[in-house]
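Here the protein sequences come in this chain order: S and V.
Under the working numbering, the residues of the first sequence are numbered 1 to 418, in order.
Under the working numbering, the residues of the second sequence are numbered 1 to 418, in order.
Hints listed in this document are in silico derivations from the structure and should not be mistaken for laboratory results.
Note that the structure is predicted; figures quoted are calculated from it, not measured.
Keep in mind that the hints are not guaranteed to be accurate.
[As the list claims (entries may be wrong)] Here are the simulated lysine to aspartate or glutamate pairs, DMTMM-like style, with alpha carbons at most 20 angstroms apart: (1) K78/S x E323/V; (2) K161/V x E210/V; (3) K78/V x E323/S; (4) K147/V x E193/V; (5) K21/V x D125/V; (6) K78/V x D125/V.
Residues per chain, in single letters:
Number of protein chains: 2
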Amino acid sequence: MNTLIQNVLVHNEVQDILIEKNIIKKIAKHILEDNCNIVNGTDKLAILPFYNTHTHAAMTLMRGYSDDLHVHQWLEKKIWPFEENISEEDVYIGSKLACLEMIKTGTVYYNDMYWFFHGMARAADEMGLRASICAVLIDMFDSETAKQQREVNETIFREAKKYSDRVQFAIGPHAIYTVSEESLRWCSDFANENNVMINIHLSETHHEVEECMKKHGKRPIEYLKDIGFLGPNVIAAHCIWLDDNEIDILKDYEVILSHNPTSNMKLSSGVFPYEKLHKKNIKMTLGTDGCASNNNLDMLEEMKFASCKAKLDSMNPTLMSAEEIFNMATRNGAEYMKINGGVLEEGKVADIVLIDLNNTMMVPRHNIISNLVYSATSSCIDTTICNGKILMENGNVDGEEEIIALASEAAIKLAEKV
Amino acid sequence: MNTLIQNVLVHNEVQDILIEKNIIKKIAKHILEDNCNIVNGTDKLAILPFYNTHTHAAMTLMRGYSDDLHVHQWLEKKIWPFEENISEEDVYIGSKLACLEMIKTGTVYYNDMYWFFHGMARAADEMGLRASICAVLIDMFDSETAKQQREVNETIFREAKKYSDRVQFAIGPHAIYTVSEESLRWCSDFANENNVMINIHLSETHHEVEECMKKHGKRPIEYLKDIGFLGPNVIAAHCIWLDDNEIDILKDYEVILSHNPTSNMKLSSGVFPYEKLHKKNIKMTLGTDGCASNNNLDMLEEMKFASCKAKLDSMNPTLMSAEEIFNMATRNGAEYMKINGGVLEEGKVADIVLIDLNNTMMVPRHNIISNLVYSATSSCIDTTICNGKILMENGNVDGEEEIIALASEAAIKLAEKV
């Protein structure tokens, strides 16, 4: 059945939006359409939803498990021991909790990297979201492991075709300090041959750059360039510790950056060189990172962190305007991830969020985009539609209680095993 | 009628909380009490509410009106022209919108500075919140204005006794660059004689420090010390540009700091020297500043900004732990503002917030305080109780629609007059 959103504020006018299957069929005043599902858009605003370009969704199970620690303690004493007992079923339910949170906060797409691909993919598929999903590839420079990891990825790539088109396989070499040159080259070739995206953590810490200099005599992005890894199908998360030459390389190779400001601050990773990247017109998107380091998946919050941080870092309050970060969090993500959306227009996929304009944080209406970026919290998100399907209406998501109960139980059991 | 909150999680146990008038009468399991108002606390957590120590509440009318500008443009082209036509009635409705937002985000106290004292005080009184309210004092170094401003404050101080005890008059010299030494000395004497608090903006920008050095040959806090202004009744907002000697002075005089991280970032004001202040055990509280610079009054968000910012500034993720910033935002505010609260205990005032533990952002429950600080958004706030009175239950506040309609109208009219 078609869906008709009536009397909603869209592009500064109160209009109707007709959705046919997964496509925005028409945006106009007073659309007449029989036999369709009516959504009351009165006092609501239709906006693009969020496209979150760096997550570890199942790590919602670790929300609040490990905070306020130095990175090595955080990993060695808390994260890794917790992960030791994690099962595909845990990843499935953790990812469902993440999807639920994303739906509640207006996100329809996430770019995910974690263990147990099928647990991750099943969750995204069932919950109705779009996702790029990587089976994380780590070989620790061991050629046997490398071989086995490549085979695993080849198998998963074939198996992944069984999921909805919303769920895309991507190749996920974890980072240059956990993946051999041989495997990095293989990932790049595999991605190019099979037309899939590549997901990598890059230049997140100063230590990573120092180690790369010691080992390869060059900086991380120079190293990746020299081994033929970089290209417009690479999404590089973090990208904090960059020099000018590396920024030029990112530009030349059209690499897509995922900026993760909250995680970078909370883990004390470093300062994202936004001003320089912006001047060079680098492709930038926004991501929350996982709940072990953020500790939520809330893109509204992430936009405010990103913009306020950029302003202070440059001592220039005009930098990263509300409109700019809103585009980074919405349109850029859709465009760079090759989703036929990124704008609310006829013929585009029906990815739509409705905002409650009567929420105090959206009042008054001097500037709606400013209200969204600098004031709104998730309490303003009323309805989330992905690929034409209503995933949340009036704040309610089907099956919410069960997901919360199962995820709580799984998380506590895993903590008890540590 | 007494209020009984049943089966609520408090101090890590499911218990009941009995409120008699404005006081927590009893916290225990299965309290038997006839003829009282029952609040169902199942799957909810009782916590201290937030005490916001720096606001300009009525500036909610300017939310989204002026962003992404250099400070002088922001003030001269936008804020001041908007304020030119503001009336007591505008301030009243803008403050009511602010109170509504604070109730929705779990805040029960705010320390406010703005124009039209009675508009401000009436709003706080009617909305049921606690507030310290200043008639902002600015004399621009003109002795006639100074005299007139002092008389205004003396009059208001007498008139302010008509409001509820929740609403306290405070004296509000705006800043050292807008108020003469004569008036600053007068404020201090007046506050000491009448046992009221003093509210001032202090060392917010580098420019302020430079101008002070030129004019007085010393830094702002040295200057205020030398004129006898500082003491434990002074709440100094911002306090960014401090040297070591000034930090020692703040310690010696037991000055209360209001840290406003989001505003400081968004306006590119500078970096709060948290690590040094913490080492010296300076009295610190948390404030949001006004909606013209933040752009909301959400203390949950402010806690996360404060902590993540402190961690990155020091490159030390152990700094400003979840518990520490939670205490700053709750207990410290209550204690330093001399409210008989700051802890959920029998005999203390019944200032209580109930959190929805089934909100995705509170799941799982490895660490509830971490969830509140690093994950929760205002969608988790279920019930707000101030001084024994329920101001919000299940997310609903009486009269909400009318406040939003009137505030929207007032804001748009003011913008049209510019």
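### Agreement of K147/V and E193/V with the hint, judged by alpha carbon distance not exceeding 20 angstroms
18 angstroms, holds
### Message
Does E323/V sit within 20 angstroms of K78/S, going by the straight-line distance between their CA atoms?
### Response
Roughly 19 angstroms between the alpha carbons, so the hint for K78/S and E323/V holds.
### Message
Against the 20 angstroms threshold, does the CA-CA distance of K78/V and D125/V hold or violate the hint?
### Response
Roughly 30 angstroms between the alpha carbons, so the hint for K78/V and D125/V is violated.
### Task
Quickly compare the C-alpha distance for K161/V and E210/V to 20 angstroms and report which way the hint goes.
Outside the cut-off at roughly 40 angstroms; violated.
#### Entry: Agreement of K21/V and D125/V with the hint, judged by alpha carbon distance not exceeding 20 angstroms
Holds: K21/V and D125/V sit about 17 angstroms apart, inside 20 angstroms.
### Query
K78/V and E323/S: Cα distance at most 20 angstroms?
19 angstroms, holds
When held up to the earlier numbered hints, the structure conflicts with 2, 6 and fits the remainder.
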